[in-house]
Amino acid sequence: MIDRLRNSAAFWAIVGTVALLGFWEAFVRIRDVRKFVLLPPSEIGSTFLDNPSFYLENIWVTARHLVIGLAIALVVSLALGALLAAFRPLEHASQPLLVLILVTPWVAYISSIVLWLGRGTPSILFLVSFVTVPAFVYATVGGMRSADPAARELFASIQASRWEVLWRLRLPSALPSLFTAARFNVGLGLAAAYFAEGAALSSDGLGEAGRRAVAFNEGSILWTTILCTAVLGILGQVAVLLLERWLLRWHASQRRSAR
Amino acid sequence: MHGIHAAGVSKRFGTVEALSPVDLSIAPGEIVTLLGPSGCGKTTLLRMIAGLEPVGSGTITVDGAAPEAARGHKRFGLVPQSPALLPWRTVEANARLLQDINVSANPSPLPDVVELLDRVGLAEFHDAYPHELSGGMQQRVGLVRAFALGAPYLLMDEPFAALDEITRADMRHLLATLCEPTNTGVLFVTHSLAEAVFLSDRVAVLSARPGRIVGTVDVDLPHPRVPEIEDDPAFFAIETELRRLLHDGAGR
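Quick mapping for you: the protein sequence lines, in order, are chains A and B.
Per the numbering used here: the first sequence = residues 1 to 259.
Per the numbering used here: the second sequence = residues 1001 to 1252.
Honestly, I wouldn't trust all of these hints.
Among chain B residues calculated to face chain A with C-beta under 10 Å, some are [as the list claims (entries may be wrong)]:
1. L1052
2. E1068
3. K1074
4. L1078
5. P1080
6. Q1081
7. R1145
8. N1183
Source of the hints: derived by calculation from the structure; they are not laboratory data.
All residues carry an ideal CB built from backbone N, CA and C; glycine is no exception.
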């Protein structure tokens, strides 16, 4: 029983979480840190319980922005990636644009987006999709290119159509790298959603709740919002992980090593 | 004009002459082996017949049609050197792969995949994934996948090259039984003398690069081929003759 606990990943993750919360609580109380700088976990808990529906509703709004934004990015990236994987010159030609999207800070151009698409949801979804497209495109192109050459030959030997090669060979070959990109993009997309909600004069969402807390000097609401955002990020990662485990059950990364 | 006919077929890659003009015919139901050292162009010839590589010079016809057209009509069951199984498909789904693609060109009736898998000893592995199989089992799925097409010709490119000697012997015995009751023409590429003699009706021996046919040997061993035949003096005699031809081809 104790040996099993000692080898259980979940057990050690819980130990780590408890230790982190304990250290955090003790640090804030002993050093007497100001509320606005850092709030201890116990007070975050009580602030949340003061008005749980406020936080849950905002989590829901931001979660929707994140999921819809990522879905749009994924659809665009799959179409674009398939095209780039098929025509190498096009891939080279698209590099400057993709790199530009990756390196340009959103803070710099968010007001232009709001001016163009209007306040609220359209601007938020655009930003989330826009910044997550490059990683998805790279994953699609790289993954599709990695398809087994012998399998491609096999498909060619019976004149498989372009569509059949794409759907039955190239897309499944791209799944492992797409999931790696998805894990990265959940974090990136959440940051973009939070930032855009605050900057796009949206009426709700965690980013807007956080912006208002800062404006009204509400340290405890700010830190509760921040932790809610972090929890949403963790839920996103877990969702990707579960989906990966199910869809990639055939892949080497999902096999149990301890056999 | 039935059968596969290659007349004066050669191939260059840049400045390298890969294959000197070669004549080769495979009649329906005949098993012909291309035997030669590595890099002699035997795989290139197979790929040109399969329509996967443009013909350098000369002509190739498959039942009177060009290789590219034959490919579109699913006339070839290809067995590549690596099993090339799709890791996300189960054994049965992999065996069905070539049936699932370019469906309109399928013959009817299609061979029964389940029965074929049972015949090659994979009855208990229909739902397994490729990574759960040994190398020999994976290549058996590759064989079933090609046979499941019901194509008039099978093109096999050193399918057992990556297997150990014991498994190789099992595989050639298995392949012989699979080929026996059908009217399928087979082009088999190998550098193994035992495989060439055991499986073939006729063996064409290629020289080192640039490949040319240094001799053709008819294998007059009785059918069905059984493993015991490999201890027969006649078997050794043909092996010796092939070895001599290979040696002549290498020492030009």
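Going down the list of hints, with the structure as the test:
no., hint, verdict
1, L1052, "6 Å, holds"
2, E1068, "8 Å, holds"
3, K1074, "5 Å, holds"
4, L1078, "4 Å, holds"
5, P1080, "5 Å, holds"
6, Q1081, "7 Å, holds"
7, R1145, "8 Å, holds"
8, N1183, "20 Å, violated"
Hint compliance for this structure: hint 8 alone is broken.
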